[in-house]
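Chemist: With chain A's structure known, arrange chains B, C and D on it following the hints.
Quick note, the sequences are listed as chains A, B, C and D, same order.
The numbering of the first sequence is our numbering, which starts it at 1 and goes up by one.
The numbering of the second sequence is our numbering, which starts it at 1001 and goes up by one.
The numbering of the third sequence is our numbering, which starts it at 2001 and goes up by one.
The numbering of the fourth sequence is our numbering, which starts it at 3001 and goes up by one.
If you are wondering where the hints come from, they were derived from the structure by calculation, not from laboratory data.
Any given hint could turn out to be false.
Stated by the list, open to error - No farther apart than 20 Å at their CA atoms in a straight line, the calculated lysine to any residue pairs in the SDA-like style are these: (1) Lys-3136/D with Arg-2165/C; (2) Lys-2170/C with Glu-3095/D; (3) Lys-3136/D with Arg-262/A; (4) Lys-1074/B with Asp-264/A.
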Amino acid sequence: MNSSVKTESLDSLLAACDRLAGKYRIFAPTLEDAVTGFRPLDAMTKEQRKAVDAIAFANKPPVTSVKSFFFPDSEIYIKFSREGRAVTQMDLDVCAPQIILGAKSCDVRSVELIDKVFLAGPIDTMYQERRQKTIVIATVCHEMGDNCACQEFGVSPAASAADVLMAKGCRGDIYLTPQTVKGEQLVQELCTVGSFAVCASLPIPVFDGAVEQLVAEQVQARMDKSFDSPVWERLAMTCIGCGTCTYYCPTCHCYDIRDFSRRDQGVRYRTWDSCMFLSFTNMAGGHNPRPTRADRLRNRFFHKLNYFVKKQGELACVGCGRCAELCPVGISISSVLKQIGSDLHES
Amino acid sequence: MNPNPLLPVKGAVTNVICESRDVKTFQIKPENLFYHLPGQCAMLSLLGIGEALFSITSPPGRDYLEFSIKRVGKLTEALHQLGVGDEIGIRGPYGNGFPIEDLQGKNLLFIGGGIGLAPLRSLVQYAIDNRALYANKLHLVYGARSVEDLLFERDIRGEWPKERDVQVNLSVDVPHQDWDGFVGYVPQYLEQLPLDPENTVAVTCGPPIMIKYVLKTLEKLGFPPEQIVTTLEYKMKCGIGKCGRCNLDEYYVCKDGPVFYLSDLLKIKNDFCK
Amino acid sequence: MRKISEALREVAGRLLRSGEVDLVLGYAWSEQGQGTVPYVAFTAEEAANLCFDTTSRMALSKYLLQDTFLGKRVALVVKGCDYRALKLSLSENRIERKHTYLIGIDCPMMDGSPFCLICQHKCPPAEDVDILLTEADEAGELKASSHQEAFPEIPSIERMSGDERFEYWKRQLNRCKRCYSCRHACPVCTCRQCLFDRDNQDAVDPAKDVLAQHQFYHIIRAFHVADRCVGCGQCAQVCPEGIPLHLLHQKLQLELHKHYGSYRAGLDELPSPLSHAHAHEPDFFGKVGKQ
Amino acid sequence: MTNEGFEPKIVAFCCNWCSYAGADLAGVGRLKYPENIRIIRVPCSSRVDAALVLRAFQNGADGVMIAGCHPGDCHYDTGNYHTRKRMVLLMSLLEFIGLSRERLLVKWISGNEAERFSATVLGFTKELRQMGAYEKARDLRCVR
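Excised from the complex, chain A in its bound form (with noise of 0.2 Å):
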């Protein structure tokens, strides 16, 4: 079913793209003022677009990731206005389908993380529509980043459950192979309106698995271990208490909801939340269950680490190397692994 195909250049795939613009809305990952992330294709200037290559192969995912596709970081789901007692409910416009170009493994599989949370118990009938809506083709990484650590966490960084998966040719060919029906069907559609030609093999580099994986028991146990560690408490002594190790995890996935209103008039809307603010768990009567920045860290990681495992059965990671990258003080999953000693990290 999934026979790959090949266009001789990633512009021509864009401009095959831009004629599916009225039907999708299409974004890739480029560059605004030095900072990499995913952009609509048709807002892009030409160097931004020129960007596009180097930011979608290169060996490290951008600064935010597919997440914010499926769980925006704000998102009104009620819109109401009173007159009077009687209050009405406005309808909202329905995501449009869309198309995301040049995701990394890592992405892709927090996605499938996320899912877990998301799609089962009552359904979050939200995000189920925006998973539905979204065709995502990921790119293959050749080679791996400073901070990366996907094999680690069971995330080939060749291969994805991606819809579509993009490979490069050394000629600079794009190389399309379909994983799914949706995969299937947008490549049909890429081939109507761009120059595009049916080949056989795929070159996809093959990664030799010399990185030994986590056990996911074996981390919970050890994190069981040191909950009274001290490593939380130094830890905590040098955070700073931000939320960027949230907002930018592919897999964090926690929500607050809030009301906006001006008289008879507002929305209510879901948005991220962090976990490391001390409001996350704050209490009406002022009671709160995690009151240090030694809880929250704690907790933080706990979730990645312990809980994710006991309740879905996996770690909540997939080592795309962000929160090393971003955290203004070097704290990451990584580091954390390291100080409770996991079996691949002797500290």
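Modeler: Showing chains B, C and D alone in chain A's frame:
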């Protein structure tokens, strides 16, 4: 297409009872009444102001839901302005509710503190409504800060003492001239009452500080952790185990709780009544 | 920076061995190759990890406001700008001078920070610190002669038209996710309970996609530190979205100095210019109409 | 771009001792001034900080006016000294961030200057009609 679990359903306030100077009980009829267990909660919502989880204080089987709300913040302040006929948003039921099967055929010792009586009331009334299943002794020990703060007068001094084999002991923290009952904290009161742990389950609900000392006293009186049930109070936003803030270790208080056996709570590393 | 690092390790080891301090708050090499990051040494052995170089940017004085440091005797590494921030907290009795042992460092100018290009206070005053470490042979001379040269973006933004300026800041602020790392890293942003932390307040809400709320947060924060900013450059340095927040603070300080005379927070005497006002100061809204 | 029929909304913070008295006197004296103005009485013009001005713009104001006593007449001695110091900085920062400086007007109007009050409001309203609606600092979630 299943509906968005976060969307509240319309409900109307059908009765408002003033329990004390800062607690009111609201009787609400949602558009589609949902069945609930005693001890379960529901999210009450006022568009533009906010949403919060409140325990359902009426027993299952009524054609309305009752919520007792203490005025502590912005939303509860606005809720207290509601009158009969006003509109309110509601979604639920949430939480696991009390283990009503395990409690059958046992003496039940209810220990409530202040607004903590609200979730217990649902269970006490449920036991009284199904007296055949809960034929044994029902004993309520309930304390409040002052005489005016005692809630549900019509039950604790009206209906319940009249029921067969139901004992109600009340206490207040602050003496009052026409109060002849016990003066002091609930945990101290427990030590003076003839309590026999034999075939008895204690169900306690109240502010964290009270739960902490009640549990210590119950252990001193010989109650094993398997026979102690409590509810926990955490900040909750989604109510469906996803928004990540009400976790106690790996359990979400809104979904895996708020009712826990003490034996389960003791396995948890985090201090549940910090 | 070898000499300063060695001297730092030696001083820290001596202090910890003698028990004169409970811990040394300095910098250490980060495993993630980000240069140096803040580090706490409790024992003489751990003091060996301490080091200092041109990436030791984070101001450390704000940590002492945390309750984990309450009552502890702390040796603290302070560059020129860090000392100015610490002096503000000392003057507000948020930190006890007798609980601190100040290891002053003649700062070799951090890389990547425009502030250092024109910094005239690289070294904390010798008499105010307990020990001063310098690397005499590497005294860097000023790389930029004027404020405009160090902050070229300010004049270039000022030259833009109103709409261009709005578009520029709209593009920048729309990337803001309100992770508040700019506020948490700022050593002079030290209110006990911040306006933006209070729950259920109406002033600003955490919606991440409303430009008006981002404008509100960043303008108000710039105002709150207008006459406190010591020019450590961390607000822009820690921002994951690369928003040039330091330009807001520098622009406000330029205006403050233009109208009310230069004032160097943490150096010049209190009270700071925005905490008092006098009749003799210029009036812009008098009978003659707008300035 | 003068879109006719557009009526700007003006939020005016009037200091209780001078400008509010001036406005009152204008009303008593039957002096006409446009009703675009919504007066908020404040104890002193220095009660108005950057947060109030920005919230006014957020909630839909097209212009904000701060009216206080003439320097030297302040009931609290130094109130308007702080106001002018703070507002000149706020104006420059608003301009720097791309918001319009002309939509924030600071005026000293004493208790007996009724004509000056109504003239100021008339002038400001005309200017704002000229400039048109102001969305750049408005929270667009509630459009009405």
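Chemist: Now look at each hint and say whether the structure bears it out.
Modeler: Status of the hints after comparison with the structure:
1. Proximity of Lys-3136/D to Arg-2165/C is assessed by CA-CA distance (about 12 Å); at most 20 Å being required, the pair is judged to hold.
2. A C-alpha spacing of about 13 Å is found between Lys-2170/C and Glu-3095/D, which places the hinted pair at or below 20 Å, so the restraint holds.
3. A hinted pair counts as satisfied when its Cα atoms are at most 20 Å apart, and Lys-3136/D with Arg-262/A qualifies at roughly 18 Å.
4. Proposed proximity of Lys-1074/B and Asp-264/A is supported: the alpha carbons are some 17 Å apart, at most 20 Å.
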